[in-house]
Amino acid sequence: MVVRPLLPAILVPDEQAWTMAGVDVRAAGFEAAAIPAAASVLAGPALIPASLVEALRGMWDLMGEPRRLEVLGDPFAAGVPLAQVLEGHAGMDHGEDAGMDHGEDAGMDHGDMMEITGEPSRDGLVMEATDVTLGPLSPALPTGLMADLSLDGDVVASCRVHATLEARRDALAPRAWAAATGDSVAGERIVAVELERALSHAAWLRRFAQLLGWPLLADHAGDAVAALLAEASESIDFDAARLALEASRRLVESRAFRSRTAGRAVIDVAGARALGLTGPIARACGAPEDARCRDAAYAELGFEPVIREAGDAAARAEVRAEEAVAAVDLAQGALGAELPAGRRWTVEGPRGAICDGTTPGAAQAVALAGGLVIGLEWSAALAALASFDLSPWKVRPDARRGAHTVRTSQGAAR
Amino acid sequence: MSDLATALVFWPSAAIMLVTGLYVFRTSSMARAGLLLLASLGIEGLIFLSLASEFLGVLQLLMMSGEMVIMVFFMVMFMADPGGLMGMDMTHDKRRSAAVAAGVAAALGAVAVATDWPGAVVTGAAPDIEQIGFEVMGRSMLSFLFAGMTILFAMVGGILLAKHGGRLGIPAPAGEPRDEEGAGAIGSALAGGEAGVEPGVEGEPEHPSHGSHAP
Amino acid sequence: MSNWTPLAILGLALGGAWAVVCIEQAVAGARVAPALLIRRAAEQLGQPLAVPAGRDAWLYHLAPPLLLVAAVVALATVPWAPGFRGVDLSTGAILFSAALAYVTPAVFMAGWGAGGPLAVLGGFRFIALMLGFAMPLAMVVTAVAAPAESLRPAAIVEVQHAVPMVVVQPLAAALFVPAAMAVALLAPFDLATAPTELGGGAFSQYTGLHAGLIALARKILVLAVAGMTAALFLAGWQGPFLPPAIWMALKTGAVVGGMLWAGRRLPRFELERLLTLAWVVAIPAALGVIVLAGLITLLFYR
Chain A
1 MVVRPLLPAI
11 LVPDEQAWTM
21 AGVDVRAAGF
31 EAAAIPAAAS
41 VLAGPALIPA
51 SLVEALRGMW
61 DLMGEPRRLE
71 VLGDPFAAGV
81 PLAQVLEGHA
91 GMDHGEDAGM
101 DHGEDAGMDH
111 GDMMEITGEP
121 SRDGLVMEAT
131 DVTLGPLSPA
141 LPTGLMADLS
151 LDGDVVASCR
161 VHATLEARRD
171 ALAPRAWAAA
181 TGDSVAGERI
191 VAVELERALS
201 HAAWLRRFAQ
211 LLGWPLLADH
221 AGDAVAALLA
231 EASESIDFDA
241 ARLALEASRR
251 LVESRAFRSR
261 TAGRAVIDVA
271 GARALGLTGP
281 IARACGAPED
291 ARCRDAAYAE
301 LGFEPVIREA
311 GDAAARAEVR
321 AEEAVAAVDL
331 AQGALGAELP
341 AGRRWTVEGP
351 RGAICDGTTP
361 GAAQAVALAG
371 GLVIGLEWSA
381 ALAALASFDL
391 SPWKVRPDAR
401 RGAHTVRTSQ
411 GAAR
Chain B
1001 MSDLATALVF
1011 WPSAAIMLVT
1021 GLYVFRTSSM
1031 ARAGLLLLAS
1041 LGIEGLIFLS
1051 LASEFLGVLQ
1061 LLMMSGEMVI
1071 MVFFMVMFMA
1081 DPGGLMGMDM
1091 THDKRRSAAV
1101 AAGVAAALGA
1111 VAVATDWPGA
1121 VVTGAAPDIE
1131 QIGFEVMGRS
1141 MLSFLFAGMT
1151 ILFAMVGGIL
1161 LAKHGGRLGI
1171 PAPAGEPRDE
1181 EGAGAIGSAL
1191 AGGEAGVEPG
1201 VEGEPEHPSH
1211 GSHAP
Chain C
2001 MSNWTPLAIL
2011 GLALGGAWAV
2021 VCIEQAVAGA
2031 RVAPALLIRR
2041 AAEQLGQPLA
2051 VPAGRDAWLY
2061 HLAPPLLLVA
2071 AVVALATVPW
2081 APGFRGVDLS
2091 TGAILFSAAL
2101 AYVTPAVFMA
2111 GWGAGGPLAV
2121 LGGFRFIALM
2131 LGFAMPLAMV
2141 VTAVAAPAES
2151 LRPAAIVEVQ
2161 HAVPMVVVQP
2171 LAAALFVPAA
2181 MAVALLAPFD
2191 LATAPTELGG
2201 GAFSQYTGLH
2211 AGLIALARKI
2221 LVLAVAGMTA
2231 ALFLAGWQGP
2241 FLPPAIWMAL
2251 KTGAVVGGML
2261 WAGRRLPRFE
2271 LERLLTLAWV
2281 VAIPAALGVI
2291 VLAGLITLLF
2301 YR
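Protein chains in written order, with our numbering: chain A, 1 to 414; chain B, 1001 to 1215; chain C, 2001 to 2302.
Because the hints were derived from the structure by calculation, they are not lab data.
The reader is advised that the hints may include incorrect statements.
A few chain C residues that don't get close to chain B, going by computed Cβ distances all over 12 Å [unchecked claim]:
(1) R2031
(2) P2082
(3) A2099
(4) V2291
Now the stretches of chain C that chain B is said to cover, found in silico as 3 or more residues with beta-carbon under 8 Å [what the hints assert, rightly or not]:
(5) 2034-2048
(6) 2086-2097
(7) 2123-2137
On a predicted model such as this, the values are computed, not experimentally measured, just so you know.
Backbone N, C-alpha and C define an ideal beta-carbon position, used for all residues, glycine too.
Using the sequences provided together with the hints, build the complete structure.
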């Protein structure tokens, strides 16, 4: 597919979030820039949450002239108007920040220089620790997720991940949330949820491939995303999506992929159960947690949960890749079919179960992920972190608990 | 090259070599020291080129780049204050080292002046690559072999000395002075059994001292 | 080397860099827009220079020119046609390796000079990588020079009049191409300047003229290594029917396209794996290649 050359732009939020908000960034002519200085456009949201404002201003400063702002949509649905944020911000003061990692330390010339103290690292040499904070707008993480790392050379010595965006529902899975809280016919609900699952996994896979530096996989995942981003469910090209997702799945199971992900950040079944993890993370460890198993409508469509035993980054990726293919089949089967209503107190979103206005296991996954990358080299650690597909949204459950909250979907999907 | 061209290249290059060589010791930044040395010895390559020794000149340029980069690498790895920003005084034992330096300079100068250098004029078409090849493979082979082995042992030994606990990388308890560690490291390395360092071995599982960081 | 050679090399550098960008766009499946590239380059050069409050201003400012000089000198050693052999030194192949060897200090200086942890990490990654890869690169050049009994690249091209070197010494080619790609900071060996992992890595802190020089230098590097690959292994300008310069341009373009295409199809390697491959596999293989080259020279080329 020949496209016109894309303009490098700073994307706020990242491409995955834009995709889940229904915006095709590539169709708009932009692609994520490698460094801020190379970008001439800031492709931003209409409203931006307060927690991202400072990082955004720093990013704007790092973009050299000529630079312009382009608003592509409204994925956050709450916050400060973007134009206002940048207007009120004058000048190019760099301060002590350099690079996309806002607020990082300048590294080796701080601290105790007279004596190299500390624990010797893996290879027996005592090295000075470097602190790196990957900020909310870092390209290695989803927008809104922050990671505080301490590096021992280029190996991660400590890592703490936290989500900085807060809302009532996870903006990265709008249709699943709408299905959990609204009223809809079983068939329509399944189509919406499954298509969103396929879209979410494809968008995640594209981001993961970009992190791994693998344009081939990113292209396949991007083709799947383009096929699945259509206005109406009926006009989606299921065959194209399935082909692209099958190609992605083959690459995920290839040796090249496994060389970067196998054996990293392993979670075992007991640990997953103890923390109450749900979603692909749990299923990759061997815990058969899937809310769809208890749904008669899914059973009618021939649903089988995708389980892996290994619990490492490769297993998580394989689960998502296979689930995406299955999701396209399920959505196509549910289109226009008559299905039993079934119980739907719990919906299986792309990242896990959504139950009673909460996402059980999501916060635990965020807390767990940081500790699991300790001892990995920098690029392996970033890939392992990305394999969790963490959501940067902290879901604040509604005050009223018990009965499912009756909220109509507020146009968050489109 | 004509005499004028040779002189135009030779004398400024020699001056730059001396100046950058001097600045190697006046800067306290490890990176700058290494790169200034690279500049100095790299310019020497130009001097070779101007003296119609093409192969040696290009070889000098090639070798110095790799060597100085390795040196910077090791310096930053092992030294405190690699950025040179804390103003540490890196000189030790000033009087004795100055005396030794002056003595060695005098001795080398005496050798340079007293030697009966060959006076043949070399033309640009001299087949120097072939002659150098025969020289290295013939008369100088032993010295090159010896030099290479010595450098290898020095590098490996330096790393072993710097590691706590020797080759196996067992962490030392905090607070032990570093010189004892050095002796202990050699002892354990020698007693450890297998000779040589296996390349590419990174098979150790997660370091025990990091256990406290696990969730 | 005539008086026009420096000018010709500069023109080749600029035109060739532009051609490399066009090939890059084509390999990525995007429509090639030649004028757009020039406009964007002009835009970028117009950006003001922003110096980060980083570690070392001298090294930060000296790195882009050093990279450019290394790239242009490497390009100058490539023989393009019987009438235009670049800088036709009798030790041209070693000068090529020497010029490429200065890419390592340049990348290190860029990373160290900028001062941010990821930039410094990028610089050190590149040193570690090149320590492993520089030796196979230089050893293979020696092996290829053996049948020609000369280090002059034009002579190496001429000795391939019957058979290209890639057929005679395939292992040498298999070692040379990845090492050349690594020096030219091409994927999947672009650990030092990874866009997502390191936020741009060693070169991330450059804007304006510096960034423009670095981008230009990188394209020229790609052209230089591809040209030398074509000269050393694909018989350079030799070929029937077409003029020699056309053959050389076609072969170089094919090598550039092949390298960029291969980069898209593989994920970026991890440093440990690459170092293991370099020290455990590549260097012993390169030694074997030299021995084989000696045998082949004695058996077939004498």
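Status of each hint after checking the structure:
Every C-beta of chain B lies more than 12 Å from that of R2031 of chain C, the closest at about 40 Å, which supports listing it as non-interface. Listed as a non-interface residue, P2082 of chain C keeps its Cβ farther than 12 Å from every Cβ of chain B; the least gap is roughly 21 Å. Not every CB of chain B lies more than 12 Å from the CB of A2099 of chain C, the least distance being 8 Å, so the non-interface label is violated. Taking the minimum C-beta to C-beta distance to chain B, about 15 Å, the non-interface status of V2291 of chain C holds against the 12 Å cut.
Under a criterion of three residues with beta carbons nearer than 8 Å to beta carbons of chain B, the stated coverage of the stretch 2034-2048 of chain C fails, only 0 such residues being counted. Figure legend: the stretch 2086-2097 of chain C, annotated as covered by chain B; annotation consistent (6 residues with Cβ-Cβ distances under 8 Å, at least 3 required). Counting residues of the stretch 2123-2137 of chain C whose beta-carbon sits less than 8 Å from any beta-carbon of chain B gives 6, enough to reach three: the coverage restraint holds.
The structure is inconsistent with the numbered hints 3 and 5, although it conforms to all the rest.
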